[in-house]
Structures are given as structure tokens and as C-alpha cells.
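Chemist: Sequence:
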Amino acid sequence: MAKKELTELVTASGSSLQELNGIGPSGAARLIGDIGDIRRFTSRAHFASWNGTAPLDASSGDQQRHRLSRAGNRRINRVLHIMAIVQLRHDTPGRA
1 MAKKELTELV TASGSSLQEL NGIGPSGAAR LIGDIGDIRR FTSRAHFASW
51 NGTAPLDASS GDQQRHRLSR AGNRRINRVL HIMAIVQLRH DTPGRA
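No gaps in the numbering here: position 94 of the sequence shown is 94 in full-length UniProt numbering, and each next residue is one more.
I should point out that these hints are in silico values taken from the structure, not numbers from a laboratory.
Here a beta-carbon is modelled for each residue, glycine too, at the ideal position from N, C-alpha and C.
A hint or two may mislead.
[Unchecked claim] Computed Cβ-Cβ distance ranges for the label pairs, DEER-style:
hint: 1; residue 1: 8; residue 2: 81; range: 34 to 44 Å
hint: 2; residue 1: 8; residue 2: 60; range: 50 to 60 Å
hint: 3; residue 1: 61; residue 2: 4; range: 55 to 65 Å
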């Protein structure tokens, strides 16, 4: 599918995802297609757990550690990772 077509479809969905740094037409389409209605997640923690970005406790004894889950929706995780890297490279509110 062409970039122009994806842009039109994302815009027609009423989404403002492309206004975020690091999200282009393909990333926005991936998020909209895989997530659907964001309101189905009761909290940010529920969404993070679903997409695999919630930290898991990996502590042992006195050492407090966390690691990322290998479960979850890897396609969504990839889009969010790319968006985070782009936001780190630019002076955006997402860096906070």
C-alpha cells in the first residue's frame, strides 16, 4: 500500500497519531490496526503489559532488577521503540 493511501486511511480514522514525532503513516496504521479501540485497556499498565513494554521483576536476594517481557505484541512494541528512539534524538515533549 502506498504512503499516500496509508496517510489518507489514518487521517480518515480520526487519529492524531501522526502528529507525534517518530510515527509515520505505516506506524500509525500498525497501531490503529493492532490496537483497535484503546479504551479496551483499563489502564496504562494494562496496555504496557499487552504490548510487552511493562517491566518484569527479575530480582534475586538483595538485588532489585527488572527486565522487559518477551511476550506481548511485538509489532506494537517495535513501533513504540522506534518512536521512543526518534523522540530521544529530537527536542520533544516525549523526552521527559
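Chemist: Work down the list of hints and note, for each, if the structure agrees.
Modeler: Now for the hints, and whether the structure bears them out:
no., hint, in the structure
1, 8 <-> 81: 34 to 44 Å, "26 Å, violated"
2, 8 <-> 60: 50 to 60 Å, "51 Å, holds"
3, 61 <-> 4: 55 to 65 Å, "56 Å, holds"
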